[in-house]
Amino acid sequence: MPSTPRTLLDKIWDAHVVCTPSGELPILYIDRHLVHEVTSAQAFEGLRLAGRRVRRPEKTFATPDHNIPTTDRRLPIADPVSKQQIDTLRNNCSEFGVRLFDLGDADQGIVHVIGPELGITQPGMTIVCGDSHTATHGAMGALAFGIGTSEVEHVLATQTLRQAKPKSLELRVEGALHPGVTAKDLVLYLIGKLSTEGGTGHVIEYTGPCIRRLGMEERMTVCNMSIEAGARAGMIAPDQITFDYLRGRDYAPKDFDRAVAEWERLPGDPGAVFDRVEIFQGGDVVPQVTWGTNPAQVVGIDATVPDPTAFRDPNERDSGSRALDYMGLAGGTKIVDIPLDRVFIGSCTNSRIEDLRAAASVVRGYRVASTVHAMVVPGSGRVKRQAEQEGLDQVFRNAGFEWREAGCSMCLGMNPDTLEPGQRCASTSNRNFEGRQGKGGRTHLVSPAMAAAAAVTGHFTDIRHWLYR
Amino acid sequence: MQPFVSHTGIVSPLDRANVDTDQIIPKQFLKRIERTGFGQFLFFDWRFLADGTPNPEFELNRPVVAGSSVLLARRNFGCGSSREHAPWALADYGFKVVIAPTFADIFFNNCFQNGMLPIRLAEEDVDELFRRARVAEATGSPYRLRVDLPAGVVTDDAGFSRSFTVDPFRKRCLLEGLDDIGLSLQHTDEITAWEAANAAPAEG
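Those sequence lines, one after another, are chains C and U.
Residue 249 in numbering that gives the first Met the number 0 sits at position 250 of the first sequence, with consecutive numbering throughout.
Residue 74 in numbering that gives the first Met the number 0 sits at position 75 of the second sequence, with consecutive numbering throughout.
No lab work stands behind these hints: they were computed from the structure.
Quick reminder that beta carbons are idealized off the backbone N, C-alpha and C, glycines included.
Hints are supplied without guarantee of correctness; some may be wrong.
Distance condition first, Cα-Cα at most 25 Å in a straight line; then the derived PhoX-like pairs of lysine-lysine [unchecked claim]: (1) C/Lys192 <-> C/Lys166; (2) C/Lys164 <-> C/Lys10; (3) U/Lys170 <-> C/Lys166; (4) U/Lys95 <-> U/Lys170; (5) U/Lys170 <-> C/Lys164; (6) C/Lys192 <-> C/Lys333.
Computed footprint of chain U on chain C, listed as stretches where at least three residues anywhere in the stretch have a Cβ under 8 Å from a Cβ of chain U [claimed, not checked]: (7) 21-31; (8) 82-93; (9) 189-199; (10) 310-320; (11) 385-398; (12) 425-437.
Only chain U is shown next, with the shape it has when bound in the complex:
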């Protein structure tokens, strides 16, 4: 996994609550057997019109957010299915950070497995980021945020600064690009011992 230490990028505001994984990556694209190539299908039913051309009304299609890598959304982002295709699609599209007031649990976990950082900020802070993005975009320039994982801080260049917390283990895995499975396999002896102690009489 690619380590994640810090990141500065253009913010794509997606002013919607309860964005579910069926919207992030519709089911017709879940049939691939690879982890890559899902970015082209991200938000497919919102992003494209029936004739396959980009929907000019969809937030991410606005020229001012071209090349964005920080997604800003509302409450309960990533609810619904456990499909890891959702973070795969976001990461493949180019997102490194997702900021929202709350996330669905499985989606939140899945992000860390893919070197993508989900950041929970207070609702009023997210409101403020939406406001700042609107102001910047009104002048024709994109809004940028900088994320510093070791310090746990999100900043812009106009005085916004908020700290965020990440589970220490997840943080270390992101910073060092560690493979969870490799780490757990270091505890094979304990797993074997647990199995021996729990050779379940209940098993048929």
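Isolated chain C, as found in the complex:
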């Protein structure tokens, strides 16, 4: 008898349920646990107080990323509280036998950049981290999601999690993106359509020809922001692009061909049923710019700032009005007329080598506007070295950008990289919440190419009409 057709999510889920004790939530096995300094200290302390060990230290990988300076790494960390948190991670990893990619390590970087880059992230795996952008790893065909610190402690102690199975949401994107339109624009567009809670309770599987055409790093950008639509996770079925990306990476399987043969069975079966399906056209997407204080408050570069008083939904009307007030914007303003003070190219959404190449190709032969302070923060030590080998750092420096060490940096400004009150920033990061990049700072989310163009002209500029030099 043929078995019921299953989705990618179904297959990974079924393969990882250890047991479902009567009257309890299923116990789900976790293949990879990624750890950073901000959400782990209390979890390790909990283990210590209970006299527990890390069950599978070899499946646990740690790196400091949120809190670290992106300036000269040879200097001591100036903020004593940041230093304590980073020292605590170091001590915990040493005590519990966890592999740490420490500040001086050539492979240190943003946890969601180094996981795929080192081949730690693989198709079919369950991957968690005390960080909501863990969904990034779903780009490899894994089930990857963010958890709280108590759950971090649960995974450390048991290598499992208590989880109810989420619902499945297929986001099918037909067609192809136009030139100048990137994966970042696509995901911002999708969030704008779904709303910030449209994906709540669901795991999104991105499907369709437009998604299949995306490269591995572009897929990471898309999956990364699934949480901004409220989704538990985002995933893309593995294919040849995934396997080509993984082959030869440090932690990739030794018997790679055998692994590929297994991974090829992961994509959803024909006829597999999702709880919900939404269909979009890649050709409808133009370069996107957020105007408000959540990522769903977004419009195309050729649009104007909306007038929230015209919104039908009372919650959206209220949120929109508050957002415009905070952002210092008036409805009806053309997006291309919004001037900028800062540009930030970085974060787990857009700090990989292809992002830096895209931004550098825009900047080449130009200077950053005199009114703008611009910086590039590579996602990892490897990305930084690769960019330097390609001379991208010189392109940025010659244009007047700062070229920094790897870390989360001004995506959330836990380190010294922050906006001043009132400063307006074009940012390639993932959240434009109030105060996210610094108290009173105003964030507009864009693609790397759009951020680079804005740095040069001093205001938002339609990248589709850019004159490349």
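With chain C fixed as given, assemble chain U onto it according to the hints.
The following block gives chain U in isolation, referenced to the frame of chain C:
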């Protein structure tokens, strides 16, 4: 974990949708390595003016809601980051219950880990609670709600009564103050067996 069975407390209405975890506890306060002491930073950028004094316009600073322990909010409460510092800050400030039409998934899970009960009520019921709170506060007295977890009911003393559901496992953990990890460790044999059966050939 402290068990949660029932609770009666003053309601703090926070009439905003999409309250994200960056607002609940701004990032500059995430550097502590303890689980305690976050209440003083709750809603920091909304709660305090630039000079550090309480912002009199912020909902939670109104004298009528002093000592409140039930937070009433709009849709998609707790969206954004996975930081458990958000429920730590709410609990440390004194909140035992958060009521909203919808919650972000990670925040919702994190509440249960800290003996705090997130309750989803229909949008029109939440509207009604906001209305009742306004009416009570207009007379100068705070609005109170009673939450009964075993029965799954929220009531006030003026006839409001709505039932809510909680996942049975989460409910039992709250009622008995159970430690998830302890419960899961009772299944160590099954976990070990799973590992043996799945000694992944794919692993390098």
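Outcome of the hint check:
no.	hint	in the structure
1	C/Lys192 <-> C/Lys166	holds, 19 Å
2	C/Lys164 <-> C/Lys10	holds, 12 Å
3	U/Lys170 <-> C/Lys166	holds, 21 Å
4	U/Lys95 <-> U/Lys170	holds, 14 Å
5	U/Lys170 <-> C/Lys164	holds, 17 Å
6	C/Lys192 <-> C/Lys333	holds, 21 Å
7	21-31	holds (count 6)
8	82-93	holds (count 3)
9	189-199	holds (count 3)
10	310-320	holds (count 4)
11	385-398	violated (count 0)
12	425-437	holds (count 5)
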